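Visitor: Residue numbers (the numbering used here), protein chains in the order written: chain A, 11 to 84; chain B, 11 to 84; chain C, 746 to 895; chain D, 746 to 895.
Rather than coming from a laboratory, the hints here were simulated on the basis of the structure.
Incorrect hints may appear among the rest.
Claimed, not checked - Facing chain A, from chain C, some residues (calculated, C-beta under 7 Å):
{"id": "1", "residue": "P797"}
{"id": "2", "residue": "M798"}
{"id": "3", "residue": "W864"}
{"id": "4", "residue": "T880"}
{"id": "5", "residue": "Y886"}
Said to hold, decoys possible - Here are the simulated SDA-like pairs of lysine to any residue, each with C-alpha atoms no more than 20 Å apart in a straight line:
{"id": "6", "chain 1": "C", "residue 1": "K858", "chain 2": "A", "residue 2": "A57"}
{"id": "7", "chain 1": "C", "residue 1": "K761", "chain 2": "D", "residue 2": "D831"}
{"id": "8", "chain 1": "D", "residue 1": "K761", "chain 2": "C", "residue 2": "V829"}
{"id": "9", "chain 1": "D", "residue 1": "K858", "chain 2": "C", "residue 2": "N844"}
{"id": "10", "chain 1": "D", "residue 1": "K858", "chain 2": "B", "residue 2": "P54"}
{"id": "11", "chain 1": "D", "residue 1": "K858", "chain 2": "C", "residue 2": "H842"}
{"id": "12", "chain 1": "D", "residue 1": "K761", "chain 2": "C", "residue 2": "N780"}
{"id": "13", "chain 1": "C", "residue 1": "K858", "chain 2": "C", "residue 2": "T880"}
{"id": "14", "chain 1": "C", "residue 1": "K761", "chain 2": "D", "residue 2": "L827"}
Stated by the list, open to error - Coverage of chain C stretches by chain D, computed from C-beta distances (three or more under 8 Å per stretch; other residues unrestricted):
{"id": "15", "region": "766 to 778"}
{"id": "16", "region": "846 to 855"}
Quantities reported herein were computed from a predicted structural model and do not represent experimental measurements.
Just so it is clear, CB atoms sit at the ideal spot from N, CA and C, and this is done for glycine as well.
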Amino acid sequence: MFARYADLLGADRLEVPSSVAATIGDLVTYVRGLPGGATLPFRPFVAVNLAQVEMDYMPKPGDEIAFLPPMAGG
Amino acid sequence: MFARYADLLGADRLEVPSSVAATIGDLVTYVRGLPGGATLPFRPFVAVNLAQVEMDYMPKPGDEIAFLPPMAGG
Amino acid sequence: MDVLTREPIDLSALIKAVESPERGAVATFLGIVRNHHGGRTVQELEYTAYEPMATERLRAIVSEAEGLWSVRVAASHRLGALSVGDVAVAIAVASEHRNDAFVACRFVIEEIKSRLPVWKRERYDDGGEVWVDPTSSSGAYPVLSQSSNA
Amino acid sequence: MDVLTREPIDLSALIKAVESPERGAVATFLGIVRNHHGGRTVQELEYTAYEPMATERLRAIVSEAEGLWSVRVAASHRLGALSVGDVAVAIAVASEHRNDAFVACRFVIEEIKSRLPVWKRERYDDGGEVWVDPTSSSGAYPVLSQSSNA
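With the rest of the complex left out, here is chain A (with noise of 0.2 Å):
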């Protein structure tokens, strides 16, 4: 989690079971119904291993998964 997200949900690390997150999307679902989840976006830009990945994508454990905010560099 970074910037504003890790500010909602009030940390920058989350643990999730990993029966909750078959694919991006779970996980994103999964995410807006902890504490302070439910005002990110329905599509937020996620990263795997630093490639961003769509909503269906499938992560293995050990992944590295980042929920990225609107991007607001330069």
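Keeping the supplied structure of chain A fixed, place chains B, C and D upon it in accordance with the hints.
Guide: Showing chains B, C and D alone in chain A's frame:
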């Protein structure tokens, strides 16, 4: 006369009898008749008192008349 | 110079990294912290990043530009706390012909703005603090916690 | 910094002259003496100008850019003998939004190239020496005399 034109005419300043130059066009014709002058274009860039003028411009005594080769700055 | 840095960005170092005797044109861009945003007076701001991904993406953007045009590119984005007037991002592009340098420089800053996982938290002189979000209609969301992140 | 100068051009000084806390974008352009031209190896070159007219025109170009876009512009063109790698012309443009900075910077270099009464004499390592003429098909004319001018 500047740059290549001064080089062609062998001088960066010319004395011209006022009788030959009612217009800038006349002056160009005169200069093109001088040794080395035939290589000048029929319609070179000419500036009078720092401002570019057309061939029909009529210079006055005391005007600073400059023949400008194609510009090559930058 | 690293593509991400917590030190002040040195434009001359970026120019030196790209210039060469064959390249007659250098275009550069600097993004500088402004004193206002959305009508409010900026006091300071903080850039954070998903650093490994931002590093990889900025390097990829540089390579893409060098593949699309005949140019050499150097770019650096600053992270951490910045004040008004500080350079947040700098790009230097050298090429044989100026059109390539201009076009590639513009490409790089647009790609940085749209693709780099970097976030900006601004603090205003009225005490307010926001996450800047170029995609939202208001342009920003209030900061909830005081704790910084990532 | 003067618009025409015989001293090395300092880009940072131009940037300082245009930047301000309201302007978040700075675009710059450097024209640098290349080591080759028309397939020949450049050894050195000399820029000459019709100085009062070039000064007036460069100031006019800067004012025009500042009138056409919401920008501040500083520009400087070097005169005299230059070596490969020397900066011949430098432009710095600051604006609130980056599009203005890029567009105005491009405008200024194009206008400098087409409107400034400045001439370039190049000497090659084969001993040849030419007046550069962007309007001629060959791009240049041989120098007749060894005497410099104006």
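Visitor: Mind checking the CB of W864(C) against every CB in chain A and telling me if the closest is under 7 Å?
Guide: holds (3 Å)
Visitor: Check the hint pairing K761(D) with N780(C) against an upper bound of 20 Å on the C-alpha distance.
Guide: holds (16 Å)
Visitor: According to a criterion of three or more residues whose C-beta lies within less than 8 Å of a C-beta of chain D, is the region 846 to 855 of chain C covered?
Guide: holds (count 5)
Visitor: Please check whether T880(C) passes as an interface residue: C-beta within 7 Å of a C-beta belonging to chain A.
Guide: For T880(C), the interface hint holds, since the closest Cβ of chain A sits about 4 Å away, which is under 7 Å.
Visitor: Counting residues of the region 766 to 778 of chain C with a beta carbon closer than 8 Å to any beta carbon of chain D, are there 3 or more?
Guide: holds (count 13)
Visitor: Tell me if the straight-line CA distance from K858(D) to N844(C) falls inside 20 Å.
Guide: holds (13 Å)
Visitor: Hint check: is the beta carbon of M798(C) less than 7 Å from a beta carbon of chain A?
Guide: holds (4 Å)
Visitor: Take the C-alpha atoms of K761(D) and V829(C), compute the straight-line distance between them, and say whether it is at most 20 Å.
Guide: Holds, at about 14 Å.
Visitor: Is the interface hint for Y886(C) satisfied, with its Cβ closer than 7 Å to some Cβ of chain A?
Guide: holds (6 Å)
Visitor: K858(D) and H842(C): Cα distance at most 20 Å?
Guide: holds (13 Å)
Visitor: For the pair we were handed, K858(C) and T880(C), check the Cα-Cα distance against 20 Å.
Guide: holds (11 Å)
Visitor: Can you confirm whether the C-alpha distance between K858(D) and P54(B) stays at or below 20 Å?
Guide: Status holds; Cα separation ~17 Å.
Checked against the numbered hints listed earlier, the structure breaks none of them; every hint is satisfied.
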